[in-house]
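Chains as they are written, first to last, in the working numbering: chain A, 1 to 313; chain B, 1 to 303; chain C, 1 to 276.
Source of the hints: derived by calculation from the structure; they are not laboratory data.
Accuracy of the hints is not assured; some may be wrong.
No farther apart than 30 angstroms at their CA atoms in a straight line, the calculated lysine-lysine pairs in the DSSO-like style are these [stated by the list, open to error]:
id : chain 1 : residue 1 : chain 2 : residue 2
1  : C       : K73       : C       : K56
2  : C       : K56       : A       : K230
3  : B       : K194      : B       : K133
4  : A       : K230      : C       : K73
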Amino acid sequence: MWSYFLRRVAIGIPTLWVIITVCFFLMRLTPGGPFDFDAPVPAEILANLRAQYHLDDPLWRQYLDYLWNLLRGDFGPSFKYRDFTVTTLIAQGFPVSLQNGLSALVLAIVVGVPLGIVAALAQNTRRDYIVSAAAMTGIVIPNFIMGHMLILIFGVWAKDSIFHLPAGGWENGALTHRILPVLCLALPYIAYLVRITRGSMIEAMRANYVRTARAKGLPFRLVVLRHALKSALMPVVTFLGPATAFLLTGSMVVETIFQIPGIGRYFVQGALNRDYTLVMGVTIISAALVIAMNLVVDMLYGLLDPKVRYDGR
Amino acid sequence: MMAVNLSSPHGAALEAAGEVAGRSLWQDAWRRLRANRAAVVSLIILAIIAVASIVGPYLLPWTYDEIDWDHIEALPPDFALGHYFGTDSLGRDLLARTLFGGRISLTVGILATFVALFIGVAVGAIAGFVGGKVDQVLMRFVDLMYSVPLTFFVIILMVLFGRNFILMFLAIGAVEWLTMARIVRGQTLALRGKEFIEAARASGGSTTAIILRHIVPNVLGVVMVYVTLTIPQVILLESFLSFLGLGVQEPMTSWGMLINDGAAELEINPRTLIIPAVFMTVTLFCFNFLGDGLRDALDPKDR
Amino acid sequence: MAAMGLLAPNGRATGEVRFAGANLLTARESELNAIRGNTLAMVFQDPMTSLTPHMKVGRQLTEVLQRHRGLGKAAARDQAIAMLRRVQIPEPERRFVMYPHELSGGLRQRVMIAMALLCGPRLIIADEPTTALDVTVQAQILDLIRLARDETGTSIILITHDLGVVAGLADRVAVMYAGRIVETGEVRRIFKTPQHPYTQGLLACTPRLDDAATAALRTIPGQPPNLQRLPPGCAYHPRCPYVMDRCRTNRPALLPAAVGGMKACFLDDLHLKAAS
Chain A
1 MWSYFLRRVA IGIPTLWVII TVCFFLMRLT PGGPFDFDAP VPAEILANLR
51 AQYHLDDPLW RQYLDYLWNL LRGDFGPSFK YRDFTVTTLI AQGFPVSLQN
101 GLSALVLAIV VGVPLGIVAA LAQNTRRDYI VSAAAMTGIV IPNFIMGHML
151 ILIFGVWAKD SIFHLPAGGW ENGALTHRIL PVLCLALPYI AYLVRITRGS
201 MIEAMRANYV RTARAKGLPF RLVVLRHALK SALMPVVTFL GPATAFLLTG
251 SMVVETIFQI PGIGRYFVQG ALNRDYTLVM GVTIISAALV IAMNLVVDML
301 YGLLDPKVRY DGR
Chain B
1 MMAVNLSSPH GAALEAAGEV AGRSLWQDAW RRLRANRAAV VSLIILAIIA
51 VASIVGPYLL PWTYDEIDWD HIEALPPDFA LGHYFGTDSL GRDLLARTLF
101 GGRISLTVGI LATFVALFIG VAVGAIAGFV GGKVDQVLMR FVDLMYSVPL
151 TFFVIILMVL FGRNFILMFL AIGAVEWLTM ARIVRGQTLA LRGKEFIEAA
201 RASGGSTTAI ILRHIVPNVL GVVMVYVTLT IPQVILLESF LSFLGLGVQE
251 PMTSWGMLIN DGAAELEINP RTLIIPAVFM TVTLFCFNFL GDGLRDALDP
301 KDR
Chain C
1 MAAMGLLAPN GRATGEVRFA GANLLTARES ELNAIRGNTL AMVFQDPMTS
51 LTPHMKVGRQ LTEVLQRHRG LGKAAARDQA IAMLRRVQIP EPERRFVMYP
101 HELSGGLRQR VMIAMALLCG PRLIIADEPT TALDVTVQAQ ILDLIRLARD
151 ETGTSIILIT HDLGVVAGLA DRVAVMYAGR IVETGEVRRI FKTPQHPYTQ
201 GLLACTPRLD DAATAALRTI PGQPPNLQRL PPGCAYHPRC PYVMDRCRTN
251 RPALLPAAVG GMKACFLDDL HLKAAS
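From just these sequences and the hints, can you work out the full model?
Listed below in structure tokens is the structure:
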């Protein structure tokens with residue numbers, strides 16, 4: 001298992017390097033840049049700025065410098081927020097996004113998986129239809145609509161009631177400021193998890209070994225929990241990999257809507273401002289996170305399925 | 001899924017016969033699709049939205065970028081003035097803008113899906129049919145791309161090359177083809193061993209010819225299902241970009257942009273958010289139902 | 001399946017299944033659970049997929065004992081290992097902690113049989129227990145089933161397509177076609193003087209060692225009926241060589257036959273004998 005883990009890490013690092021390299025050259029080779037000011041700027045100032053950010057070095061030099069700095073955990077200075085380094089910005093934003101993402105993920109699992117099981121066990125009954133239809137709705141309504149709807153309902157319409165929740169801002173993570181963003185982030189996942197769990201649970205309940213378990217005279221609850229559930233959870237675990245990527249893109253929307261200082265918002269701001277170092281920094285962190293999550297998922301898989309051995313493949 | 005394989009048995013010699021079988025097969029699927037009420041209703045609604053988006057803007061008294069100077073405030077619906085859904089905060093007709101936005105969103109959705117379709121089918125069919133090293137390299141690449149948060153790349157591309165309509169669907173299409181490639185490859189692998197492919201090979205067909213004449217037509221059913229499910233995803237991605245301010249540019253508009261605009265005046269005027277949001281959500285719903293229906297129709301064994 | 005209350009949701013059973021004083025078709029789930037795995041056990045067709053893949057074999061055995069016998073962990077473990085030994089699984093302690101995928105098909109079927117025998121059932125229903133196995137393993141499993149019957153005195157309902165298995169193991173035979181019994185009788189009688197055209201057809205299809213090597217395998221012409229839309233009258237009539245008009249409209253009842261046993265056919269016995 002350890003050698004498998006190390007081998008996977010060994011594949012992940014070049015992948016990350018390819019991403020970094022592609023990003024870097026895309027950014028540097030395209031026309032336009034962070035210093036395309038609306039008003040004309042004296043050539044000297046521009047030259048000074050370029051020198052300050054080492055943009056006048058040869059490209060290969062810039063590239064190697066960037067890689068070297070990355071290794072030391074330095075993502076370079078932000079082009080727009082002049083007083084900050086990208087590392088500081090990420091260090092500030094990442095914990096916020098991580099907290100929200102994890103809360104949303106936990107919420108999604110706690111709500112989505114049981115709902116999916118309930119729907120599967122009641123397959124083709126009214127209960128199943130209601131849950132499935134709600135799940136479809138959750139998948140179809142994009143989170144930027146959902147976010148605004150939540151604001152409209154809880155922030156505007158419920159203004160004078162006890163259900164009123166702040167429509168935005170962070171206030172250093174006050175609980176009331178977290179509820180709507182986390183809910184907005186979690187809803188699509190709940191919907192996905194319901195669909196996935198329902199499908200895999202229906203399949204598991206049809207398996208021969210579940211029939212064996214029932215023929216043994218085990219009570220239904222035990223048949224479900226002990227025999228069917230574990231294999232039904234496999235697709236759910238697989239989903240956690242892509243879910244990380246989804247959560248990251250979701251955080252762009254949610255953090256923008258609710259004005260939360262997380263990396264998703266930084267990324268969007270950076271993209272709009274052509275703040276290349278910031279955009280690159282967030283992309284690299286996100287890619288690393290997704291690659292790491294995929295690895296974690298594969299390891300988890302091994303815990304659930306005794307058939308998986310890490311020496312093959 | 002398997003039933004689709006029947007559509008071109010025994011290569012060129014029997015192509016005519018194959019076509020007969022193929023047609024009746026599609027007819028069969030069509031019959032099953034018509035029996036699915038959710039799918040039929042979805043198809044009708046989609047058709048209505050599509051026609052309205054194409055023709056509608058010409059029939060309305062106002063165009064999408066025309067400002068009603070007498071009413072530069074969000075006007076509630078006013079039939080006398082021809083603002084059936086009212087206007088936005090700049091006095092532009094909301095219905096005209098919603099329909100025009102639908103035109104852009106649908107166009108991007110369909111074009112980008114076709115880009116994805118083209119790349120995906122090509123890569124999948126080649127990987128599956130040629131096999132060996134080629135297959136390994138292509139699929140490794142697909143695996144690698146899967147482990148990258150591609151939305152970031154679309155955004156980076158949009159930032160770097162400007163908010164360009166053509167670039168947008170090319171970029172989205174270039175990101176969405178991965179799953180298509182995997183599906184087509186799987187199908188092709190299953191087909192490769194079939195007798196009619198052997199026959200085509202034995203009668204001297206070149207690889208390209210076999211892929212184009214025998215593999216591609218036979219994976220069409222599965223691909224169609226996937227196309228129906230990809231279009232809404234692309235619409236979603238486009239509106240996501242527009243929402244972030246990285247999509248099409250003013251005065252052009254799309255559903256995502258309208259929703260973004262509407263969100264800005266959420267408190268005063270929720271109508272400007274809700275109307276485009278409803279249009280878009282209904283469209284996404286319909287595509288999903290239609291896709292599910294198509295899958296059932298083409299592959300009745302599945303459930 | 002019907003007897004065990006394990007029919008697929010779209011399955012439907014008629015009549016009644018009496019077992020130890022209860023009608024299993026109408027019994028409630030909790031009543032069934034007290035019987036299933038306890039006094040009535042089942043061995044399934046496909047040992048490869050009939051054991052839960054993510055649970056160790058031992059746990060799957062002990063849970064039966066814990067459930068029906070109320071044993072503690074240690075006692076259940078001892079009994080389960082003893083049972084594994086009785087079904088001739090070598091090194092039972094080692095197998096006990098293995099996962100199903102680490103065992104061969106034959107071993108898994110032995111585990112299934114051990115599982116069925118655990119609570120000393122009065123009846124075991126074995127649904128084609130050897131179909132998924134190699135021929136040599138088949139023989140071993142059949143020996144084991146025979147041994148289990150002789151040692152414990154349990155009754156066995158063996159469902160199979162394999163006439164050789166029937167001849168080797170069964171006392172009484174019930175031949176079924178399209179979900180209904182068409183003939184019953186003592187095993188020697190069935191093989192010697194089959195009374196139903198379907199039984200005759202089945203027996204005629206069995207390849208014999210003294211057949212010429214070149215002889216084609218015989219089959220019953222026609223196809224098995226669609227169980228969703230059974231033909232009217234006798235379900236076998238479209239394929240029956242002796243079909244008569246009333247076979248097409250009336251279903252023959254299962255009645256005593258002159259040579260012993262029962263049959264569901266309008267033909268009289270003499271006719272059949274002459275024809276065969």
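Comparing the hints with the structure gives:
no.	hint	verdict
1	C:K73 / C:K56	holds (14 angstroms)
2	C:K56 / A:K230	holds (13 angstroms)
3	B:K194 / B:K133	holds (22 angstroms)
4	A:K230 / C:K73	holds (22 angstroms)
Checked against the numbered hints listed earlier, the structure breaks none of them; every hint is satisfied.
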